[in-house]
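Engineer: The chain contents come next:
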Amino acid sequence: MTLNQQRKLKTLITGLFAWLVALLLFFPIFWMFITSFKTELQAISVPPSLFFEPTLDNFKVVQDRSDYLLHAMNSVITSFGSTIIALIIAVPAAYSMAFFPGKRTKDILLWMLSTKMLPAVGVLVPIYILFRNNGLLDSRIGLIIIFTLMNLPIIIWMLFSYFKDLPKEILEAARMDGASPWGEVVKVVLPLSVGGIASTGLLSIILCWNEAFWSLNLTASNAAPLTAMIASYSSPEGLFWAKLSAASTLACAPIIVFGWFCQKQLVQGLTFGAVK
Amino acid sequence: MKSLSKNTVACAISLATAITTANAFADTQITVATVNNGHMIEMQKLTPEFEKANPGIKVKWVTLEESVLRQNVTQDIANKSGLYDVMTIGMYEAPIWGQRGWLEPIDASGDYDKKDILPSIRSGLSYDGTLYASPFYGESSMVMYRKDLVKAAGMEIHDNDSWDHIRDVAKAVNDPDNGVYGICLRGKAGWGDNMALVTTIANSFGGRWFDENWKPEINSPEWTKAVNFYVDLLGKYGPPGASSNSFNENLALFNEGKCGMWIDATIAASFVTDPSQSKVADQVAFAQSPQEVTKKGANWLWAWALAVPVATKHEEAAQKFVRWATSKDYVKLVAKDAGWAAVPTGTRESTYQNPNFLEAAVFAKAELKAIKSADPQDSTLKPSPYVGVQFASIPEFQAIGTTTGQMISGALAGAMTVEQALNNAQKAAERQMRQAGY
Numbered sequence: 001m002t003l004n005q006q007r008k009l010k011t012l013i014t015g016l017f018a019w020l021v022a023l024l025l026f027f028p029i030f031w032m033f034i035t036s037f038k039t040e041l042q043a044i045s046v047p048p049s050l051f052f053e054p055t056l057d058n059f060k061v062v063q064d065r066s067d068y069l070l071h072a073m074n075s076v077i078t079s080f081g082s083t084i085i086a087l088i089i090a091v092p093a094a095y096s097m098a099f100f101p102g103k104r105t106k107d108i109l110l111w112m113l114s115t116k117m118l119p120a121v122g123v124l125v126p127i128y129i130l131f132r133n134n135g136l137l138d139s140r141i142g143l144i145i146i147f148t149l150m151n152l153p154i155i156i157w158m159l160f161s162y163f164k165d166l167p168k169e170i171l172e173a174a175r176m177d178g179a180s181p182w183g184e185v186v187k188v189v190l191p192l193s194v195g196g197i198a199s200t201g202l203l204s205i206i207l208c209w210n211e212a213f214w215s216l217n218l219t220a221s222n223a224a225p226l227t228a229m230i231a232s233y234s235s236p237e238g239l240f241w242a243k244l245s246a247a248s249t250l251a252c253a254p255i256i257v258f259g260w261f262c263q264k265q266l267v268q269g270l271t272f273g274a275v276k
Numbered sequence: 001m002k003s004l005s006k007n008t009v010a011c012a013i014s015l016a017t018a019i020t021t022a023n024a025f026a027d028t029q030i031t032v033a034t035v036n037n038g039h040m041i042e043m044q045k046l047t048p049e050f051e052k053a054n055p056g057i058k059v060k061w062v063t064l065e066e067s068v069l070r071q072n073v074t075q076d077i078a079n080k081s082g083l084y085d086v087m088t089i090g091m092y093e094a095p096i097w098g099q100r101g102w103l104e105p106i107d108a109s110g111d112y113d114k115k116d117i118l119p120s121i122r123s124g125l126s127y128d129g130t131l132y133a134s135p136f137y138g139e140s141s142m143v144m145y146r147k148d149l150v151k152a153a154g155m156e157i158h159d160n161d162s163w164d165h166i167r168d169v170a171k172a173v174n175d176p177d178n179g180v181y182g183i184c185l186r187g188k189a190g191w192g193d194n195m196a197l198v199t200t201i202a203n204s205f206g207g208r209w210f211d212e213n214w215k216p217e218i219n220s221p222e223w224t225k226a227v228n229f230y231v232d233l234l235g236k237y238g239p240p241g242a243s244s245n246s247f248n249e250n251l252a253l254f255n256e257g258k259c260g261m262w263i264d265a266t267i268a269a270s271f272v273t274d275p276s277q278s279k280v281a282d283q284v285a286f287a288q289s290p291q292e293v294t295k296k297g298a299n300w301l302w303a304w305a306l307a308v309p310v311a312t313k314h315e316e317a318a319q320k321f322v323r324w325a326t327s328k329d330y331v332k333l334v335a336k337d338a339g340w341a342a343v344p345t346g347t348r349e350s351t352y353q354n355p356n357f358l359e360a361a362v363f364a365k366a367e368l369k370a371i372k373s374a375d376p377q378d379s380t381l382k383p384s385p386y387v388g389v390q391f392a393s394i395p396e397f398q399a400i401g402t403t404t405g406q407m408i409s410g411a412l413a414g415a416m417t418v419e420q421a422l423n424n425a426q427k428a429a430e431r432q433m434r435q436a437g438y
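Line by line, the protein sequences are chains Z and F.
Residue 180 in my numbering sits at position 180 of the first sequence, and the numbers go up by one each step.
Residue 397 in my numbering sits at position 397 of the second sequence, and the numbers go up by one each step.
Keep in mind the hints are simulated off the structure, nothing from the lab.
Please note that a few of the clues may not be correct.
Covered stretches of chain Z (in silico footprint by chain F; criterion: 3 or more residues with CB under 8 Å from a CB of chain F, positions within the stretch not fixed) [said to hold, decoys possible]: (1) 41–48; (2) 127–133; (3) 207–221; (4) 228–234; (5) 238–250.
In this text, all values refer to a predicted model and were calculated from it rather than measured experimentally.
Just so it is clear, CB atoms sit at the ideal spot from N, CA and C, and this is done for glycine as well.
Produce the entire structure from the sequences given, and follow the hints as far as they go.
Structural biologist: The following block contains the structure:
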């Protein structure tokens, strides 16, 4: 086998393996998607039917029963709103820690991360009471606050590692050219790490979009996002798989489309450190 | 940078627009928290009728998964946050919450006709003679079986057969090679899942949750015999993986034609006889629950009911809605909209007196008989201090029932012996009761 053939074989095997993993990851979504076009009886049939007459009834039921637009709007507002606020707080925080580290910077970073190690249910009651006393229950503002706090540690960590990879000499050069600290951030740091910020923002949006614990506990009718809508299709007594799949498909669709369009930024951001 | 700023601008605009166009409600808005089931979906669909009859009241629905609903309404009610004006609660919560002063008594004025509500259901939702939740559907448990398979196996099933006979039928019908299992029963852990059924078996075998001094009796000889019987029956003649099956999983198996018998909630009767969701709709027959050494406590009693929490800011509107949604007229409204087979059952005597309903629902008589025969005040052979057939109506029961359910589910899956499971459950229950000051 020549070197060229070996290389081709290696590429083929890697390609096949990548496809296999991708299909494996995609399968649950595919299954959810096709189940949403089945009747309840087809959805539970064993062995599962792959060929069937598709129906749109489940989507009709979801449209009739749930205020999809309200839930989708709540999801969009809370995930984008909290991400914007979190980025506004996190960019200066990560900047100061990356370029002007103090004696305790590492400890602060670790402490921030440690807040993610506490199970959310552990602070449910105090947060619930705080929300009740401040009139934040079932409000979009309330969810935005909780999502912001929830994602801040991850966002700061990610930005910190992107900023840390920027060559300090560029900043020094900017300073020598007379740039103020604000100008340094806006004109040098931000343009250089745009990929990293975009991918951090996208990750935060996805995490907020998929969040269910706080959404279910802190909202009722007005601010409930799509995750709460999906939960409403689970039934203690009665078949619901097809309708649940339809609700899930409708809930996933916007974020999948959004992710598709932002693929470039996402990949660029995730490989930011690797290609430098 | 260009694409980022575009995204950012778009997001900021949508955020600003949405926040400024946020909710503005001119009318009294009541929020109803509920579970997802057929009767509730119908009620949601008919809500415009209520709004038409009561201008100025708007109804908002929050549908949640059962465990999330329990958690949310408990949180809401214990913290008096007033998120919900009407909440769906079960027969377990109604008397406990009524006693604690968390619920407003049901306003039974006008043509509500409290006496028309089935006595066992009414008493289960009351505390000290006051009705704290209005039932919208009630259920008991019974045997649903495939008459074709049972006949082909040369067997018969009657009302209140012995559990031993049920085992014989399960053995005769069991044909796993052809995908038919003798019996399908709940195995998934939970006080409302496997423990609802297991408690009725334990009751039939002469067991009880607590003695007269509130000492748990979960590892008593009666319980041990009952749970051994259940594990053996389901292990030998049940479907594989039975320890993770509850109502929906068994419903799916039965509707697919894979169960010879299924003992579960009477509400299932309307699903298994519905040709649009069951492959065996025309082959289903019903019988009253099996018994063993006593006829007491053989079939459970449960109701989903609407209650008004004291923290509501719109009590009058909430009471109005509850009265409307659980009235005799509402039953007629559902019949007009979706047919008599779809009306909520197990709540009112008048429903079972309606010839149209009796004609449309083949299961009606069996269901009424099961509900009427369940007595939450007297469900065990030896006297017990608690109210409830498949549960004990005390706050500590939820934790005790769930732990016991996990142990028994573990025994069913083969992780431990029945004796070990019951001893563990007994210890946990004793600790729980001691902590609660019993």
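Engineer: Check whether three or more residues of the region 228–234 of chain Z sit with their beta carbon closer than 8 Å to a beta carbon of chain F.
Structural biologist: Result for this restraint: holds, n = 5.
Engineer: Count the residues of the region 41–48 of chain Z with a beta-carbon closer than 8 Å to any beta-carbon of chain F: does the count reach three?
Structural biologist: With 4 residues closer than 8 Å to chain F, the region 41–48 of chain Z meets the three-residue bar; holds.
Engineer: Verify the coverage statement for the region 238–250 of chain Z against chain F, using a C-beta to C-beta distance below 8 Å and requiring 3 or more qualifying residues.
Structural biologist: holds (count 3)
Engineer: Examine the region 127–133 of chain Z for residues whose CB is less than 8 Å from any CB of chain F, and state whether their number is three or more.
Structural biologist: This one holds; 3 residues, not fewer than the three required, reach chain F with a Cβ under 8 Å.
Engineer: Mind taking a look at whether chain F covers the region 207–221 of chain Z? Criterion is 3 or more residues with CB to CB distance under 8 Å.
Structural biologist: holds (count 4)
Figure legend: structure checked against the earlier numbered hints; every hint is met.
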